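Undergrad: Okay, here's what each chain looks like letter by letter:
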Amino acid sequence: MLNHKRMWALLGAAMAVAAVLASTAVASHKAGPTIVIWTDANRAPAITKVANTWASTNGATIQVVQKNFGDIETQLGTVAASDAPDIVLAAHDWTGQLAANGLVVPLYPSNAVKSQFPSYTLNAFSYGTAVKKLYGIPVQVENIGLLVNTKLTKVPTSFAQVEATALAFKKKNHLAYGLCVQQGSGGDAYHMYPFFSGLGGYVFGTNSAGNLDPSNIGVANKNFLKNASLIDKWNKEGLINSKVGYSECDTDFTKSKTPYWITGPWADSDIEKAGITFKVVQLPRIVYPSVPFLGVNGVMVTKFAATHGVDAAAKDLVLNYFSTPSAQTQLAAAGGRAPANLKAKASDPILAQFGAAGKGGVPMPNIPQMASVWTDLGAAWVRSTKGSGAMPAARSFRGAAKSIADKIG
Amino acid sequence: MATPAPTAATFRPGLIARAIAVFSGTVGYIIKLVLLALANALVAWAIYVLIDHQRWPALAIVVAATALIDWIYLVPHSWALPLKFLIPGTIFLVGFQVIPILFTITIAFSNYSTGHILTKDQAISTIKVNSLEPPPNGRQFDMAPARDSSGKLVLILHDEGSGKVYVGTEKGLTRLPKSAVTLDANGVPTSAKGYTLIHGAELFQLDQQLEAYRVPTIGDAALEPQGTQIAVELKPTLRYVPKRDVFVRISDGKVFRDNGLGSFVSGEGQSAEELEPGWKTYTGFRNFRRIINDPLVRGPFFSIFAWTFVFAAACVFFSFSAGLFLAIALDKRGMRFQRTYRSILVIPYAIPAFLSLLVWAGLFNDDFGVVNRVFHLNVPWLFGGQVFSWLPFISWPRITVVLVSVWLTTPYFFLVSLGALQSIPDELTEAAKVDGGGAFQIFRRVTLPLLLVAVAPLMIASFAFNFNNFNNVYLLTGGGPYTGTSSLAGNTDILISYTYKLAIASGKGSDYGLASAVAIIIFFIVAGISGFSFWRTKSLESLS
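Which chain is which? The protein sequence lines are A and B, in order. Counting along the first sequence from 1, when you hit position 141 you're at 141 in this note's numbering, and nothing is skipped either side. Counting along the second sequence from 1, when you hit position 81 you're at 490 in this note's numbering, and nothing is skipped either side.
By construction, these hints were calculated from the structure, which means they are not laboratory data. These figures come from a predicted structure and were not determined experimentally. Ideal Cβ placement from N, Cα and C applies to all residues, glycine included. Hints are supplied without guarantee of correctness; some may be wrong.
Some chain B residues judged to face chain A by a derived CB distance under 7 Å, without partners named [unchecked claim]:
1. Ile526
2. Asp530
3. Thr535
4. Leu619
5. Gln638
6. Leu705
7. Pro709
8. Gly828
9. Thr886
10. Gly887
11. Gly918
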């Protein structure tokens with residue numbers, strides 16, 4: 001057996017080795033300004049490439065950390081300052097939550113930069129209860145549209161035409177729905193928004209300063225309720241069916257069983273693989289223009305950048321580099337979405353069609369109170385479009401409005 | 410289980426005993442040393458990280474705990490022997506049970522939620538930054554940091570509006586002749602006569618200086634660098650008065666006071682104005698009072714509680730019954746393919762519940778699901794209402810949730826019952842047979858009571874698990890369908906999924922404080938029920 005002295009020496013040696021390793025790790029960690037960026041796996045290679053181009057001319061180091069996209073929002077609030085990112089890729093509807101938490105800092109791009117973006121994309125990243133501040137530079141935009149299989153039918157010009165064609169295919173192919181749009185038991189207010197806006201619905205109104213007002217809930221406003229009986233009609237004739245999910249639409253559309261599908265650019269690859277020729281348009285006007293929700297992704301500078309001593313560098317990268325047309329073209333191509341910068345070009349013609357389908361669209365409300373809306377609005381659609389035993393739409397949406405108001409308090 | 414009895418005259422120790430013998434000599438000692446050295450190396454690295462992050466209390470605890478562990482495992486005192494066995498378990502108990510519980514309790518007494526995650530100092534400085542606003546006709550400049558002849562940091566500025574160029578110092582703006590400065594295509598200065606522009610790495614060394622750099626203009630407005638190429642003229646709209654700990658709005662003199670709940674607020678009730686962000690602070694029993702007083706929580710609480718109880722009890726009862734039935738059926742001696750059957754039955758237990766739940770949600774889909782299609786049924790499994798008009802409590806979605814949960818838990822009870830059945834001595838059932846008992850009577854009077862002695866505690870544990878079976882409900886039905894007009898409590902929502910909706914996806918974002926408070930209450934409910942059940946099962950133990 002080993003004696004005690006040798007044993008302690010052994011332990012000591014092991015600790016010394018660890019100490020040396022640790023000190024080199026710590027030392028390398030401290031050299032030069034390092035900017036930490038959180039992004040999702042999809043766009044990580046493009047972000048790395050673009051950011052490194054900037055870094056190589058400025059003598060900075062970029063460290064890209066991959067996250068689940070949704071985790072970026074939640075983890076930014078709980079991460080220790082030492083591990084925190086300086087820049088995050090973010091969805092615009094997180095803006096309110098992140099700004100109210102004090103996690104992201106206001107940005108002031110030059111007028112030359114601002115003029116390169118559609119004003120709604122900058123609005124989407126602006127938040128403030130009294131005065132709006134810009135918290136992110138838009139990178140890419142996305143929205144849903146009506147996908148039309150042009151082999152089966154021509155591009156519709158009126159909602160009545162959509163309705164008639166959809167119901168004809170429903171009958172012919174014994175489908176459970178006419179127009180394919182995903183909901184499922186949890187509901188999907190995002191995909192139902194074109195119908196919602198087409199009937200006169202809105203989520204939050206704006207106050208005199210032009211900011212979203214959480215006390216003005218338009219889920220059951222007068223104009224919408226006047227048209228709500230149309231939902232009951234659609235439910236009765238089976239035009240829309242809340243039991244439909246993404247997979248049913250994917251299967252039936254790629255097998256040419258249904259000519260219409262309301263979805264976004266993420267469905268592209270499946271459809272193209274199946275060899276379907278299709279066009280993307282905005283759902284034709286119902287009573288009001290049937291506009292979709294608009295989603296904008298962008299980059300934000302966190303409050304941690306100042307703690308890490310890279311605030312100026314991070315702002316520089318975001319304001320003057322991620323915003324440029326060339327960077328935006330690369331980033332958008334990686335995500336399969338249209339770039340936000342007007343001068344950047346979406347090479348894909350389908351993306352251009354999606355862009356046109358989003359005309360007049362409404363950015364998803366970015367105030368934190370939106371968290372109360374998704375479930376209720378989705379549930380209202382599920383209740384009133386579930387086929388037999390469905391609740392009259394007017395009652396269903398009035399209930400949702402009350403429930404949302406109760407939760408916001 | 411079965412210990413081989415040494416019947417032969419020559420003693421041959423079992424495999425485990427031989428293994429212990431091998432490892433208890435020098436080999437074992439070296440293994441121990443290597444493991445300890447590895448643990449110490451890990452700690453040495455942790456010490457560096459903790460010093461780097463300046464976590465002093467954590468550092469002290471780590472060092473003390475490591476020294477204690479080394480000492481216990483290396484000092485050959487006989488009284489230290491029990492500690493060698495207790496220490497590893499204790500460390501895991503503290504790390505994975507005690508600390509999370511303490512953490513949950515502290516959160517329950519705080520206002521930790523969206524808008525309340527910073528410290529007060531951080532919140533104050535963030536409010537100050539957010540209160541900056543461009544003044545009317547506020548100017549925006551293209552900027553290049555530079556050094557003047559004496560080496561001091563200055564800003565070369567190009568007004569985007571008027572096109573005039575300036576040099577900005579901490580004293581103010583000074584006009585420069587246009588010919589002295591060259592601009593690039595974006596209007597950013599690239600050189601200035603008499604000044605050396607700062608580029609690249611050196612620029613980023615100045616980060617903190619740049620961030621704090623102010624070029625005063627008119628009144629309390631100042632130019633602030635934003636990044637390294639832009640400076641914006643900004644003016645505070647709020648002033649913080651440290652002495653009184655209040656914010657004062659400069660335009661109308663409105664005072665925002667610390668409301669004790671982690672926010673600066675002015676006014677009361679509907680007209681109250683709150684400054685964002687707030688900060689995290691301890692708010693006493695406020696979250697618990699909200700649970701009692703808030704109609705949103707209180708309203709559906711009892712109906713959800715009743716359903717949660719029935720759900721958990723039904724899951725345990727049916728899966729135990731099914732598991733026991735299968736165990737008895739497969740316990741028959743001499744059955745062919747017995748192992749194959751048993752393996753097949755365990756499969757649901759081996760698949761991650763996340764996957765199987767999503768698959769079941771698809772199978773049970775009312776219109777497209779395999780279940781309805783194959784059996785030519787028209788049962789509204791996920792979206793339906795009550796099954797019997799006279800018993801509104803039982804609905805199709807509730808049946809679906811229980812069915813799937815039973816499918817998931819049955820293999821567990823099958824395994825447990827199989828083991829327990831084999832441990833019941835044959836003599837007992839044979840004696841009962843001799844006494845003239847029928848098969849059912851023997852099962853009812855002999856087998857079941859003996860079985861329950863072993864299985865009852867596991868049933869209680871399973872009840873507690875199902876009471877909080879969030880995945881099952883959330884992945885199958887999302888708590889829906891929503892039968893009433895309110896979308897707060899769905900038909901299949903159990904307490905934990907309702908809590909999730911209430912605390913994480915409602916109001917103004919997430920309310921971790923409220924969620925923790927409800928979690929603590931659920932803990933007491935489950936602990937109460939389990940404690941009562943354990944107390945009752947003591948009567949079973951008197952049988953053996």
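Undergrad: Hint by hint, note whether the structure agrees.
TA: For each hint, the structure was consulted:
1. Ile526: For B/Ile526, the interface hint holds, since the closest Cβ of chain A sits about 5 Å away, which is under 7 Å.
2. Asp530: violated, 11 Å
3. Thr535: holds, 4 Å
4. Leu619: Constraint on B/Leu619 satisfied, holds at 5 Å.
5. Gln638: holds, 5 Å
6. Leu705: holds, 6 Å
7. Pro709: Given a least distance of 12 Å, the restraint on B/Pro709 is violated.
8. Gly828: violated, 38 Å
9. Thr886: holds, 5 Å
10. Gly887: Holds, about 4 Å.
11. Gly918: holds, 4 Å
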